[in-house]
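Reminder that position 241 of the sequence shown reads as 239 in my numbering, one-by-one numbering, no gaps.
Simulated from the structure, these hints should not be mistaken for lab results. Computed from a prediction, not measured in an experiment: that's the story for all the values here. Some hints could be false.
Stated by the list, open to error - Result set (SDA-like, lysine to any residue): computed pairs, CA atoms no more than 25 Å apart in a straight line: (1) K270 <-> P175; (2) K31 <-> A261; (3) K51 <-> P175.
As the list claims (entries may be wrong) - Ranges between beta-carbon positions, derived for each pair: (4) E269 <-> L102: 43 to 51 Å; (5) T222 <-> V180: 52 to 60 Å; (6) G84 <-> I187: 43 to 51 Å; (7) S255 <-> P86: 18 to 26 Å; (8) S100 <-> A185: 48 to 56 Å; (9) T222 <-> L102: 53 to 61 Å.
Cβ coordinates follow ideal geometry from the N, Cα and C atoms, glycine included.
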Amino acid sequence: MNKPQSFFHLHLISDATGETLLAAGRAASAQYKDARAIEHIYPLIRTDKQLMKVFDDIEEEPGIVLYTVVDQALAHRIDERCAAMGLPCVSVLEPVLSVFQSYLGTPAGRRVGAQHVLDAEYFRRIDALNFTMEHDDGQLPLDMEQADVVLIGISRTSKTPTSIYLANRGIKTANIPIVLGVPLPQALIDAKTPLVVGLVATAERISHVRQNRLLGSTTGFDSTAYVDRASINEELTYARQICGRHGWPTIDVSRRSIEETAAAIVALLREKTR
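Work out the full structure, taking the sequences as your base and the hints as a guide.
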């Protein structure tokens, strides 16, 4: 008999694009077939102020913290904060750098993003990442015409991690939550440039993910309707009606990895631009 799949939060903090970290985190997560990581990716984290915002999110949804940050002072603050919160924390690059230093007999130069060539493609990806971080969870809705892709969906349909994954490939991606009974921004309805895609999933899958989210929720949060499958089905019906009304495609992410979802979106984007 198969064990029911459990979910855990995986926080990935990077001072560059986060690709190295994402690959390492997913390689480790893949070893646990009965546990699925809910990925939270924080690229381009290079200041204390940015780090403070990251830990505000981690406090809400505690989990494993992995990071690739070459600034040792910033890395030390990550270690200290995780220790204070009682969370496991690993610097993914540090053991590798130690081996290189021991063998080569010289310390690493510790240059942020040193593996990236500073060409036009690199700057396109950085620009996309900045855009995506600024337009996460419905922020700056008036800028929708500047997006390549806009992802919409109810809570816990993997909008943010999918947006970050696409941005890492140079695709400017915004995401906007669908809330039952709340109309979407008019700027999105009127936008002609972006591909708008609705992300949906089964009520069972969303309920499982939301129950896991409640582990880090604040006291006083009304969780009854949030995890109730009948309520979630009502939210999903509302989301599908919106997409159907505007002719926007939907993708069911229930059994898809982030990579598979992103690949389906890229295929739709290619069709749109033909």
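Hints, one by one, checked against the model:
For the given pair, K270 sits about 23 Å from P175 by alpha-carbon distance, which is consistent with the 25 Å threshold. This hinted pair checks out: K31 and A261 have alpha carbons roughly 22 Å apart, not beyond 25 Å. For the suggested pair K51 and P175, the alpha carbons sit about 20 Å apart, so the restraint of at most 25 Å is met. At about 49 Å, the CB distance of E269 to L102 agrees with the hint of 43 to 51 Å.
Between T222 and V180 the beta carbon distance is about 19 Å. The supplied range of 52 to 60 Å is therefore violated. Between G84 and I187 the beta carbon distance is about 45 Å. The supplied range of 43 to 51 Å therefore holds. Range check, S255 to P86: about 23 Å between beta-carbon atoms, so the 18 to 26 Å window is met. The supplied range of 48 to 56 Å is met by S100 and A185, whose beta-carbon atoms lie about 55 Å from each other.
A C-beta distance of roughly 58 Å is found between T222 and L102, which places it inside the suggested range of 53 to 61 Å.
Hint 5 alone, counting from the list given before, is not met by this structure.
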